[in-house]
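A.B. asks: Residue-level listing of the chains:
Protein chains: 2
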Amino acid sequence: MSEGPDSREAGPDRPIGFFDSGVGGLTVLHECLVSLPAEDYLYVGDSGHFPYGEKSADELLERAQVIAGYLLDQDVKLLVVACNSATSAAGDSVRELGRKAGVPVVTVVGPEAEIAGAITENGRIGVLATPATVSSGAYHRALEEQGRAFTVTEVAAPDLAPIIQGGATFSEEVVETVRGYCRPLKEARIDTLILGCTHYPLIAPLLQRILGRDVRLVTAGHAIAGAIQRRLASEGALRDGDGEGGYGFRVTGEKESFVTLGTRFLQLPLGDRVEHLEI
Amino acid sequence: MSEGPDSREAGPDRPIGFFDSGVGGLTVLHECLVSLPAEDYLYVGDSGHFPYGEKSADELLERAQVIAGYLLDQDVKLLVVACNSATSAAGDSVRELGRKAGVPVVTVVGPEAEIAGAITENGRIGVLATPATVSSGAYHRALEEQGRAFTVTEVAAPDLAPIIQGGATFSEEVVETVRGYCRPLKEARIDTLILGCTHYPLIAPLLQRILGRDVRLVTAGHAIAGAIQRRLASEGALRDGDGEGGYGFRVTGEKESFVTLGTRFLQLPLGDRVEHLEI
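For the record, the sequence lines run as chains E and G. Going by the working numbering, the first residue of the first sequence is number 85, and it counts up by one from there. Going by the working numbering, the first residue of the second sequence is number 85, and it counts up by one from there.
What the hints contain is simulated information worked out from the structure, not anything from laboratory work. Treat the hints loosely; a few may be bogus.
[Said to hold, decoys possible] Residues of chain E placed beyond 10 Å of chain G at every Cβ, according to the derived structure: (1) V118; (2) E143; (3) V187; (4) E238; (5) S255; (6) V258; (7) R314; (8) A317; (9) G332.
[Stated by the list, open to error] DEER-style ranges, computed between Cβ atoms: (10) E:E359 to G:D176: 27 to 35 Å; (11) E:N206 to G:G95: 45 to 53 Å; (12) E:R314 to G:I363: 52 to 60 Å.
What you are looking at is a predicted structure, and each value in this text was computed from that prediction instead of being measured. Ideal placement from N, C-alpha and C gives every residue a C-beta, glycine not left out.
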């Protein structure tokens, strides 16, 4: 095993920083650990302030600035905001912090919209997301920026993230709930669905079965891994080699519950890589 | 929801039958439920006689014939042997039973070898499997039958299936174990790995991370879903439509443990679809 992120100095060997309100962003980290295994990663889960969905815009802005500041102090070479709420409330502010520090910032929403716009054939794109994300209009705007007219069907799923976080992912209740959310998407004859919440990859097989295999699913993890790779490659900061980098976690809440809950989301060991962080 | 398999009569509307010694074959069923959602499925788990790895060839042959006979009596339109041990010991016998009944039989090994042979670019193929499967030489022979000379590196993993079945899939112990098995595969510079045991898809992300993303993983589930589709399409027996079919389970062992254990392997609800079967 290589050493942890903290021991790196500069260039390709600096870690990639992630932050999220809790465990959801671990599905994004999962994809990066699998797709870009040579990199080092440092993930901050602001679980002490979860859920972000219930915070005011000012509170979210403050949390995002504190955590982004911490990660920039850790000398990350790229910063990922792996959280829809934080991206909506503080994406521009974090990008500005990154610009000042000379560190690129990648957030959710944009990369998924870019992939969905590139792969749709019939131009009918679905978005499944939390009510807050749908009402923010973020995916709608990001799809409009692709410079092509799409027919976008957005479905707000109030109970899906809590059900998934609660662990009842494979119950008949979930199947019926998901079937209901898929109905308008099927009626709209979408050929591409953006999973607009980092919890949803855990039910990707169920969505694929209900929607049929001709519908392509776009996750933030897949989209962000691609965006990181392009960005680092263009700056000569992608780490070479076929070895594995290290990864570690700092959580503002309780360690044990983050490990227990997070394992389902990361699908890789969290184990003794988690430290409590008071910020 | 459509009705269960038992209510079907003929043609495309008959169910597809599966059998396995326990829960492993559920990773194959998972892929079929996602890739071919319109079909009905009936899965027999011979959990009352698990594990098959410790049975004699005669015992395995007898169990395979009993279960294949049961599924043929249920009027399946295609029969899948989703188990390496049963395929080694009784594949030919089950194929013969199917031939007499006019029902096509798809087993593991062949479809994975076919895909691996088609997608490898450097001709270096790895096989990760149980010691029994490796010593049977089944994958070696199946790759030879592809009519091209491959460099095949087989790694026998005695403890991987039990560790996965035991549930410690995301521990550091598993990571170290898998890293050890991957070492000869990396040294052999394989570009394609056959996951030669139906338990292994549960650690596919870990394998992908350790081997690097340039190595393509071939699972029995993916290969068999493709084989079923081609076979049924050629016979005009593929079910059309974008709806979901039904699926059910018959187990020769205890119901509750099959549901608990099986959920991790199916990644879809088993719930109240499981019945005990005395054969």
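A.B. asks: For each hint, tell me whether it holds in the structure or not.
C.D. replies: Each hint tested on the structure:
1. Once the 10 Å rule is applied to beta carbons, E:V118 is inconsistent with being away from chain G; the minimum gap is 5 Å.
2. The non-interface label for E:E143 is consistent with chain G: the shortest C-beta to C-beta separation is roughly 33 Å, beyond 10 Å.
3. For E:V187, the requirement that its beta carbon stay farther than 10 Å from each beta carbon of chain G is met, with the minimum near 25 Å.
4. Against the 10 Å criterion, E:E238 stays outside the reach of chain G, whose nearest CB is about 21 Å from its own CB.
5. Separation of E:S255 from chain G is inadequate, the least Cβ-Cβ distance of about 6 Å not exceeding the 10 Å criterion.
6. For E:V258, the requirement that its beta carbon stay farther than 10 Å from each beta carbon of chain G is not met, with the minimum near 7 Å.
7. With a least CB separation of 15 Å from chain G, E:R314 remains clear of the 10 Å interface cut-off, as annotated.
8. Every C-beta of chain G lies more than 10 Å from that of E:A317, the closest at about 14 Å, which supports listing it as non-interface.
9. At the 10 Å boundary, the C-beta of E:G332 stays outside the reach of chain G, the nearest C-beta of that chain being 14 Å off.
10. Against the hinted window of 27 to 35 Å, the Cβ-Cβ separation of E:E359 and G:D176 comes to about 57 Å, which falls outside the hint.
11. As the Cβ distance of E:N206 to G:G95 is approximately 31 Å, the hint placing it in 45 to 53 Å is violated.
12. Hint check: E:R314 to G:I363, Cβ distance near 56 Å, so the stated range 52 to 60 Å holds.
Consistency note: the structure conflicts with the earlier hints numbered 1, 5, 6, 10 and 11.
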